[in-house]
Structures are given as structure tokens and as C-alpha cells.
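Undergrad: Sequence:
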Amino acid sequence: MELPDYSIEQQADQQATVVLTITESLPHFAGHFPNQPVLPGVVQVDWAIHFALQLGLGQASVKQLEVIKFQQLVMPPTTLYLSLERLASGKTKFSFTNKEHVFSSGRIVWGNP
4 MELPDYSIEQ QADQQATVVL TITESLPHFA GHFPNQPVLP GVVQVDWAIH
54 FALQLGLGQA SVKQLEVIKF QQLVMPPTTL YLSLERLASG KTKFSFTNKE
104 HVFSSGRIVW GNP
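Residue 67 in my numbering sits at position 64 of the sequence shown; the count goes up by one each step and never skips.
A couple of the hints might just be wrong.
What the hints assert, rightly or not - List time: in silico BS3-like cross-link candidates among lysine-lysine, alpha-carbon distance up to 25 Å:
| # | residue 1 | residue 2 |
| --- | --- | --- |
| 1 | K66 | K96 |
| 2 | K96 | K72 |
| 3 | K72 | K102 |
| 4 | K102 | K66 |
| 5 | K72 | K94 |
Because the hints were derived from the structure by calculation, they are not lab data.
Throw the hints in and build the complete structure from the sequences for me.
TA: As C-alpha cells, then:
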């Protein structure tokens with residue numbers, strides 16, 4: 004999986020925000036779609052899982068995804084803010100925004116490794 008340029012904007016005990024720079028040069032846009040590049044939803048979910056694991060807000064395996072919503076198309080160039088929060092239930096809530104609009108959101112349910 005190829006990641007865009009990113010930085011960790013903030014990280015607290017059970018929360019983190021990752022800032023991602025989305026450019027048309029990312030391979031995820033190839034063929035999706037030629038006249039209007041759109042970041043696939045599966046890539047957004049994959050990045051949420053990746054960063055949750057990297058930042059210690061998840062477990063080794065994903066059991067299921069809950070309340071996944073794709074509300075707006077992500078098109079380059081843009082800056083995305085990935086907010087992650089580890090809930091008391093052990094699930095991880097995520098959302099991708101540009102500080103004005105929510106592009107996608109959901110919860111990751113972690114399984115046993």
C-alpha cells in the first residue's frame with residue numbers, strides 16, 4: 004500500500020489526527036476515473052486501519068467494519084484530516100474531513116489476533 008505524504012498533527016491517549024496530502028500522482032487514482040480522479044473508498048478504509056495500528060489505536064486483526072459512510076468524493080488536490088479515536092468498547096472510530104466537510108467515516112471492530 005502506498006501512502007500519501009502525511010504528518011501526525013496531534014496524538015493523545017486514545018485519539019490522533021493525521022494530515023494527508025492528496026495529489027493526483029498517487030497510484031490509487033490510476034483508472035479511477037480518467038476524467039475525474041476519485042480516491043476509492045476502500046483506500047480510505049485501508050488508510051484508517053493502517054494509521055490506527057501504527058498509532059496504537061487498534062489491534063492486529065479487523066473483525067468487521069461498522070456504519071461506514073462515504074458522504075463526499077475525495078478528489079485531488081486536497082488535504083485530508085484523518086481523525087482516529089479508540090472507544091471504550093475497543094472499537095476505533097475514524098473520519099476523513101477537510102475541516103469543513105466529512106468525506107467518510109465509520110468504526111473498525113478489532114478481532115483477536
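Undergrad: Evaluate each hint against the coordinates.
TA: So, going through the hints one by one against the coordinates:
| no. | hint | verdict |
| --- | --- | --- |
| 1 | K66 to K96 | holds (14 Å) |
| 2 | K96 to K72 | holds (12 Å) |
| 3 | K72 to K102 | holds (17 Å) |
| 4 | K102 to K66 | violated (29 Å) |
| 5 | K72 to K94 | holds (16 Å) |
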